[in-house]
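Engineer: Throw the hints in and build the complete structure from the sequences for me.
Chains as they are written, first to last, in our numbering: chain H, 1 to 134; chain Y, 1 to 76.
Treat the hints as calculated values from the structure; they're not laboratory data. Note that the structure is a prediction, hence the values are computed from the model and not measured. We put the CB at the ideal spot given by N, CA and C, even for glycine. Hints are supplied without guarantee of correctness; some may be wrong.
On the chain Y side, residues computed to face chain H include the following (Cβ under 10 angstroms) [said to hold, decoys possible]:
| # | residue |
| --- | --- |
| 1 | P5 |
| 2 | L8 |
| 3 | L10 |
| 4 | L19 |
| 5 | S20 |
| 6 | P29 |
| 7 | L35 |
| 8 | L39 |
Here are some chain H residues the structure puts well away from chain Y; computed CB gaps all over 12 angstroms [unchecked claim]:
| # | residue |
| --- | --- |
| 9 | V30 |
| 10 | F47 |
| 11 | I57 |
| 12 | F63 |
| 13 | F68 |
| 14 | R90 |
| 15 | R93 |
| 16 | P104 |
| 17 | H113 |
| 18 | F114 |
| 19 | D116 |
| 20 | R131 |
| 21 | S132 |
| 22 | G133 |
Residues per chain are reported as follows:
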Amino acid sequence: MGVWSAKLEADRLAATLLGAAAVLGMLFMVLKGWKYFQEIEEHLFPFADFRFAPEHIRGAQLFFLFYFIATALHGVHASVGIVVLLAIARRARRGAYSARYHSPITVAGIYWHFVDVVWIFLFALIYLPGRSGS
Amino acid sequence: MRSPPLALLLAWLALLALLSLTVILAYQPLGALNLPIALFIATAKSLLVASVFMELRRRSGLTIAFAAAGFFWLLP
Numbered sequence: 001m002g003v004w005s006a007k008l009e010a011d012r013l014a015a016t017l018l019g020a021a022a023v024l025g026m027l028f029m030v031l032k033g034w035k036y037f038q039e040i041e042e043h044l045f046p047f048a049d050f051r052f053a054p055e056h057i058r059g060a061q062l063f064f065l066f067y068f069i070a071t072a073l074h075g076v077h078a079s080v081g082i083v084v085l086l087a088i089a090r091r092a093r094r095g096a097y098s099a100r101y102h103s104p105i106t107v108a109g110i111y112w113h114f115v116d117v118v119w120i121f122l123f124a125l126i127y128l129p130g131r132s133g134s
Numbered sequence: 001m002r003s004p005p006l007a008l009l010l011a012w013l014a015l016l017a018l019l020s021l022t023v024i025l026a027y028q029p030l031g032a033l034n035l036p037i038a039l040f041i042a043t044a045k046s047l048l049v050a051s052v053f054m055e056l057r058r059r060s061g062l063t064i065a066f067a068a069a070g071f072f073w074l075l076p
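Structural biologist: Shown next, in the form of structure tokens:
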């Protein structure tokens with residue numbers, strides 16, 4: 001939507017939409033941080049006083065190692081995306097982009113959606129399995 | 001001002017529908033099928049994002065081939 005409004009030379013709308021995407025990204029990071037905090041409180045951080053049912057402790061530790069590496073790597077990319085979106089929103093507000101020149105917004109949008117695609121798969125691999133109890 | 005592109009809104013609605021579907025199906029006891037179904041829906045969602053939001057549907061075969069190569073490189 002940001003790309004679309006920049007092409008229309010609607011600078012304020014483009015800046016608002018890009019800023020909104022960044023704010024949603026920040027909300028995501030806050031929720032993720034909150035989850036991390038809960039998991040560390042529950043002793044689920046691998047190799048740091050990890051506690052789990054003894055018969056499953058090795059598998060659980062391996063799962064949480066994968067979970068923390070994958071989500072932290074995604075978090076780093078999402079943080080970079082938030083900074084990029086904020087920078088692009090600032091420039092859009094100043095009227096830096098036009099119908100002829102808007103490739104930075106397009107590229108930032110493609111990057112942001114790449115981070116999204118990674119999350120689509122992480123969600124399916126981490127959060128959905130085991131929900132049915134079968 | 002021109003109305004926002006319908007494709008973007010439809011893709012967003014489709015993503016929300018697929019998200020609901022995958023969450024509902026995750027709670028159904030389907031045994032070994034749960035994971036393949038979740039991954040199939042995830043693939044459909046990412047194809048939507050790649051084609052509509054990342055604008056690959058408007059690009060040539062060469063660009064799509066390079067995007068596919070990038071995705072392939074990401075697979076473990």
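Engineer: Determine for every hint whether it applies to the structure shown.
Structural biologist: Here is how each hint holds up against the structure:
Because the beta carbon of P5/Y sits about 6 angstroms from the nearest beta carbon in chain H, less than 10 angstroms, this interface hint is met. For L8/Y, the interface hint holds, the least distance from its beta-carbon to any beta-carbon of chain H being 6 angstroms, beneath 10 angstroms. The restraint placing L10/Y at the interface with chain H is violated, with a minimum CB-CB distance near 13 angstroms, outside the 10 angstroms limit. Given the 10 angstroms rule on beta carbons, the hint for L19/Y holds: about 8 angstroms separates it from the nearest Cβ of chain H.
Violation of the interface hint for S20/Y is found here, the shortest Cβ-Cβ separation to chain H being roughly 13 angstroms, above the 10 angstroms cut-off. Contact between P29/Y and chain H, as hinted, is supported at the beta carbon level, the nearest pair being about 4 angstroms apart and thus within 10 angstroms. A least Cβ separation of about 6 angstroms between L35/Y and chain H falls short of the 10 angstroms threshold, and the interface hint therefore holds. The beta carbon of L39/Y is positioned within 10 angstroms of a beta carbon in chain H (closest approach about 6 angstroms), and the interface hint is therefore held.
With a minimum CB-CB distance of about 20 angstroms to chain Y, V30/H clears the 12 angstroms threshold, and the non-interface call stands. Distance check on F47/H: its Cβ is at least 22 angstroms (rounded) from any Cβ of chain Y, clearing the 12 angstroms threshold; non-interface status holds. Residue-level check passed: I57/H sits 23 angstroms from the nearest beta carbon of chain Y, beyond 12 angstroms. For F63/H, the requirement that its beta carbon stay farther than 12 angstroms from each beta carbon of chain Y is met, with the minimum near 14 angstroms.
Annotated as non-interface, F68/H keeps its C-beta farther than 12 angstroms from every C-beta of chain Y; the closest such distance is 17 angstroms. With 12 angstroms as the threshold on Cβ separation, the claim that R90/H sits away from chain Y holds: the shortest Cβ distance comes to roughly 22 angstroms. For R93/H, the non-interface assignment is confirmed: its Cβ lies about 18 angstroms from the closest Cβ of chain Y, beyond the 12 angstroms cut-off. For P104/H, the shortest C-beta to C-beta distance to chain Y comes to about 15 angstroms, beyond the 12 angstroms cut-off, and the non-interface label holds.
With a least beta-carbon separation of about 5 angstroms from chain Y, H113/H fails to lie farther than 12 angstroms from that chain, contradicting its non-interface assignment. Not every CB of chain Y is more than 12 angstroms from the CB of F114/H (nearest about 7 angstroms), against its label as outside the interface. With a least CB separation of 6 angstroms from chain Y, D116/H falls inside the 12 angstroms interface cut-off, contrary to its annotation. Listed as a non-interface residue, R131/H fails to keep its Cβ farther than 12 angstroms from every Cβ of chain Y; the least gap is roughly 4 angstroms.
With a least CB separation of 4 angstroms from chain Y, S132/H falls inside the 12 angstroms interface cut-off, contrary to its annotation. Not every CB of chain Y lies more than 12 angstroms from the CB of G133/H, the least distance being 7 angstroms, so the non-interface label is violated.
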